[in-house]
Each structure stands twice: as structure tokens, then as C-alpha cells.
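Enquirer: Below, each chain spelled out in residue letters.
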Amino acid sequence: MKQIWIIFEKEVLDGIRDTRSWVTGLLGALIGPILLGVMLVVVGSSMREDIDKSLTLPVQNPEYAPSLMQFLERYDVIIAPAPADPETAVKLGDVDVVLVIPKEFGEDFSSSKPATIQLVLDSSRQSAAVNITRVQKLLEGYNMYTGKLRLVVRGFSPEVIEVISIDKVDVATPETRAMIVISMLPYFIIVVIFTGALPIIIDSTAGERERKSLEPLLINPAPRRAFVLGKLLSAFPFSIASLAIVLIGFGVAINVIPIEKYLGIQFGLSLMTLFWIFLICLPMVFFASAIQILVASFARTTKEAGTYLPFIALIPALPGMALAFFPVKATMWLMLIPTFGQQLLINQMMRLEPINAWHVIASVLATILVATIFTWLATILYKRERILFR
Amino acid sequence: MIEVQGLSKSFGKIKAVQNLSFSASNGQITGLLGPNGAGKSTTLRMLYTLLKPDSGLARIDGFDVTQSPIDVQARIGVLSDAQGIYERLTARENIRYFGKLHGLRGQKLEKRMDELLIILDMQSIANRKMEGFSTGEQLKVAIARALVHDPGNVLLDEPTNGLDVKSTRAMRQFIRKLRDDGKCILLTSHIMQEVAALCDQIIIISNGIVAAQGTSDELLHKTGKDNLEDAFIEIIGSEDGLA
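Respectively, the protein sequence lines represent chains A and B.
Its first residue numbered 1, the first sequence is counted upward by one per residue in the working numbering.
Its first residue numbered 1001, the second sequence is counted upward by one per residue in the working numbering.
Treat the hints loosely; a few may be bogus.
Claimed, not checked - With a cut-off of at most 30 Å between alpha-carbon atoms, the simulated DSS-like pairs for lysine-lysine come out as follows:
| id | chain 1 | residue 1 | chain 2 | residue 2 |
| --- | --- | --- | --- | --- |
| 1 | B | Lys1177 | B | Lys1129 |
| 2 | B | Lys1052 | A | Lys212 |
| 3 | A | Lys212 | B | Lys1013 |
| 4 | A | Lys212 | B | Lys1129 |
| 5 | A | Lys212 | B | Lys1166 |
| 6 | B | Lys1015 | A | Lys383 |
| 7 | B | Lys1111 | A | Lys212 |
| 8 | B | Lys1052 | A | Lys383 |
| 9 | A | Lys383 | B | Lys1013 |
| 10 | B | Lys1108 | A | Lys2 |
| 11 | B | Lys1108 | A | Lys212 |
Said to hold, decoys possible - If you want the footprint, here are the derived chain B segments under chain A, 3+ residues with CB under 8 Å:
| id | region |
| --- | --- |
| 12 | 1046-1059 |
| 13 | 1074-1080 |
| 14 | 1092-1104 |
| 15 | 1140-1152 |
Treat the hints as calculated values from the structure; they're not laboratory data.
We put the CB at the ideal spot given by N, CA and C, even for glycine.
All chains, full assembly: derive it from the sequences and hints.
Expert: Written out as C-alpha cells, the structure reads:
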């Protein structure tokens, strides 16, 4: 027990002296919150921007379609002169969309033939999507409006051309829509728990072998498990610090950015929610450190370990990525999968859904159990001669 | 006190050590001499518990290396071929780490460290981080941490390897001092002059077995040669790997 503490103390001191590694690690933990902040602002502004403002639409030859122009102006569109070369202007992004009215429009319109108009747009430009959709909707509206007028003139009820009437019931509340963005969050939290522990684990296992200090160390009178446990525990403070920083970062990002303004919704990560997420993630600190110690112990050099470990951090984080797109219902069985259960729980907490206490218990116990098995395997590895000599 | 009886160790098909028997007493320097690859380091590694013998016995102060490795570890100080230190720690912190692992604490540990720093003439570098230490300085730290618990038995694997003349002389003096303190010293070497100059007892190993054993005078007498070099070559049967 004492020996575990001595080894822990030394590894933590050694780790803290390696300033560059842990500073990089902690800054890395902030990438997630920064990215989320940027995404919220960008997604939010492209979703909401200008919807209440009047739309300026460049039109070529507006004089050929006076009734269309009147219709558009009635719906708050400001008709502007079109650029000389509409296609180039749209391609370059100078304007979002240009309406071109050909000379024949008036003639076709008067004789009730389908009159062609041209809409010049770039469908790959996300930022133009809002304006394009708005213009298209207005043009369709004009189409229906004029068509119905013509039917009335000919003595038909306008209803004959309405085969179906679509009534949209969108069950996504504004909050759940924003969740698509927010549900990237568990992914970042998990990656950071792994990467926070990574430098010190590489240094205290593969690094110890590389600089030939493992052999003298293991001659000291202590059972091998003391070495493994001391090194394992020394990764905890670094992993926990990264976890705390990423959670604080998300808390700040979500509470400081005026999400209401950007997404038109109310959303907040309360201190209490953050604290619960922190607690639920603690067993993952053990898990992440144990699996990384085990794998790093196979590596003979820090370079070798540095190639293996980032993959380990990625694998458990992948389901989190998937969760952003395919929501999964939390069940007892899923709780038994370390890291996945936590991701589901974090998601539930952020959605302010009720949490099943048994789910939490199952997730905590399963994660601790699997982490213990990894630790035990690492101890076996450290008892073999091959840890030193091959 | 080190006793070895019928010790054997193989790595796959390679028989590194075969049926090796010898003993090393307190207050004596015992040298394992042999060409490169003769099994010297393997023997030492079995004695300092990091390799398990396939068969045979090895005891240190009566404790079996396989049965009670932790008791053995508490009674040996080892300067192995691997002398890695922790560069971000100071010399003192490096030594203190090993001292603590040996169960030393507080004043007692600090006093012992001060002693070693004086003996090894390294007070001036004691509180510097070890990054950028010279080979000689690193070696001093490695020796200090190996001896911090004042062990009765000292195992040295090629202790003067890579040292310049001045450091080699200092190292030999230090080893003699340890002998005079009554320690049991076992060292390996492939350098005849070193073994001849230092050792009270010489064990010549070749291909994993003991080829001859005795004081340098006894070895001369046994082979009928008038210098050690010829005696060694006579015993080993070839000049390969000796220096």
C-alpha cells in the first residue's frame, strides 16, 4: 500500500514536471467546447438569419413580369437590379440567388401558357440556403395564386387542383433540434478522459522501458502489482483534470453564447447537470487509464505506444458520434457496455430526461469491473520476464 | 553471502546458463569473467530476481531468489546494465525514490543520502534536474540509488563499462571500499585486467558453464602459465570475446 503511494507520488511529480505534455493535454481538452461554440454560432446563424428581415432579390428584366414583382413586394421582397452576369455573380457568392425573366414571359403569361423564369442559384452554398428556399416558396406561392385565379375566371373551384393538403406536425421541439448539435458533446468528453491520461501513461510504461529505468525500478522490494497500481493511479489526476476542464468549457460555452438568439431556443447546462455528468464519468477515468496502461505495456518505445493509444481513445468514442445521428434508447443491456452507457446517460441528462437509478448503478459497476480486469491483465503482463527482456 | 547451486536458464534453444555453481562470501570481491554472451548477465539477472531460473538454486543471505524475491531484493544493491534515470527529477529525488521503495523514511533517509553524496563526491549536482547529466554523473546517481538502503550484497554488471580512465579508477576504489565495509560483492566483466586487479575470487564462465574458479594465483598455478592472459585463454580455449 505504501509502495503504491510512493510510486504514485513520483509519477505525478514526474508528470507535472513534463509541463509541455500536460499543458498541451489541457488545451486539447478545450477543443471540444470551442468547436461546439463555433458550431452553435454558425449553425444557428445560418438557420435563423434574416428570416424576419426583408429579402433583397436581384431580378433581371423585372419589367416583363409586373404582376410577379407586385406579388413579391407584397411579401416583403425588395427588387434589386441584377448583376450583369448573374451566373458568375452567384458562383462567386456576390449574391445568393438571381431571378431572370426572359423576354417571352409576358407573351406566354398572357396566353396562359407555362411561362418560363430562371432562378440562378448555387445549391452547394449552405449560407444561401435560407434565401433560396424563401424565394422558391414565394415563386411557388405565386404559381398557385395565379393558377387559382385563372380557374376561378373559367368557373372552376380552385379546390380541384388541390389533391392533398399537407399539414406538417413537427414533433421536434426547438430543443431537440438543437440537440443534434449538442449530442456531439459526450464524444468530446470521452475522448478527453482518454487523452488526458495518455502522456503520463506512455511515459510511465513504454517510456520507462525506453529509457532503461524499468529494470532498476523492478529490482526494488515491492510486488509487481504495486508498480502497476501506482502507475495506474498516477494517471487519474491528469484524466480527471481534463474531464473537469472539458465540462467547465462546455458549461461556459453553452451558458455564455446567446443560444436563444442563434437557435431561438432555451437551452442550458446547469451546474448540477455538469456535476452529475462529472460523477458519472469518474468510473471511465479508471477504465481509460487501465486499458491504456495495458496496451502501452506492450509497447517498447514511446513512439510505438503513441501509435496505439490514440486509436483506443477513438473506439469507445465512436458510438458517441453515432448517437448524434441515430438516437438510441437507453436500456439496461447498453448500460453494461463501458463508455457507451455513460454516453447514453450524459445524453439523457442534457435532455433533462428522467434518469433510471439502476441504469447509473449498472453502468458504474460494469465499467469498474471491466477496468479491474484490464488492471489485472496488466499486472500479469508486468510479472512476466518479457516486460524487461525479449 | 551469495550461494548458487546448479543454476540453469535457457531462452528457447539457447542454453544461456548451465548447471552453474559457486559461492561469494562477505568481505570479498567475486568476479564473473567470461567472453560476451557467456551467460554472465543472465546469471546476475537471476540473482537479482528479474529472471526465473529453469532449475537450480540461488540464495542470498539464505533467501531463495524464487521463493522470497522481496526478501532478496531488500538485501541486494544492483548496478545493472540498464541504468536509466528520471531526467525530470533531481539527483536527490531519484535517489530518494528508491530509498522510499526500500522502506526508508524521513531523517534517516536524508542522512543516508547525504552520506552517499559525500562518498560519491556529488553534492554539487544533487539538487539539479538530471536532464543533461554526463555519463559519469548519471552513473553516480545510479550507484547511489542502488546502495541507498545499505545492502549487504552488491551486484555489479560490467561496472566500468564506458567509463574514462579517471572514472574507472574511482569506481574500483569505491568497490574496494565496499569490500572493506564487509559487503559481499559480485561483479561481471569481460576485461581481464579489471578482474585481476579487483577480485579476490575469480569465476571464469564460458558457454554458460564454470570453466575454472579460484584466486588469480590459483588459476596461474592450475594452468601452469606465468600470466593471467595466457591462463584465461588456456581455460576458455579461445580468445573470442575477451579484452
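Enquirer: For each hint, tell me whether it holds in the structure or not.
Expert: Verification of the hints:
For the suggested pair B/Lys1177 and B/Lys1129, the alpha carbons sit about 28 Å apart, so the restraint of at most 30 Å is met. Annotation: proposed proximity of B/Lys1052 to A/Lys212 holds, straight-line Cα distance about 20 Å (limit 30 Å). For a cut-off of 30 Å, the pair hint linking A/Lys212 to B/Lys1013 stands: about 26 Å separates their Cα positions. Between the alpha carbons of A/Lys212 and B/Lys1129 the distance comes to roughly 18 Å, so the proposed pair stays at or under 30 Å and holds.
With a CA separation close to 25 Å, the supplied pair A/Lys212 and B/Lys1166 stays within the 30 Å bound. The suggested pairing of B/Lys1015 with A/Lys383 holds, with an alpha-carbon distance near 22 Å, which does not exceed 30 Å. Restraint check: the Cα-Cα separation between B/Lys1111 and A/Lys212 comes to about 28 Å, which is no more than 30 Å; the hinted pair holds. A threshold of 30 Å between alpha carbons decides the hint, and for B/Lys1052 with A/Lys383 the separation of about 11 Å falls inside it, so the pair holds.
Under the criterion of a C-alpha separation no larger than 30 Å, the hint pairing A/Lys383 with B/Lys1013 is consistent with the structure, at around 23 Å. Between B/Lys1108 and A/Lys2 the alpha-carbon distance is near 17 Å, which keeps this suggested pair within the 30 Å criterion. The straight-line distance between the Cα atoms of B/Lys1108 and A/Lys212 is roughly 29 Å, inside the 30 Å bound, and the hint therefore holds. Given as covered by chain A, the region 1046-1059 of chain B passes the check, having 5 residues with a CB less than 8 Å from a CB of that chain where 3 are the minimum.
Look at the region 1074-1080 of chain B against chain A: 4 of its residues bring a Cβ nearer than 8 Å to a Cβ of that chain, three or more, so the hint holds. For the region 1092-1104 of chain B, the stated coverage by chain A is satisfied: 7 residues place a CB nearer than 8 Å to a CB of that chain, which reaches the threshold of 3. Counting residues of the region 1140-1152 of chain B whose C-beta lies closer than 8 Å to any C-beta of chain A gives 3; at least three are required, and the coverage claim holds.
Every hint from the earlier list agrees with this structure, and none is contradicted.
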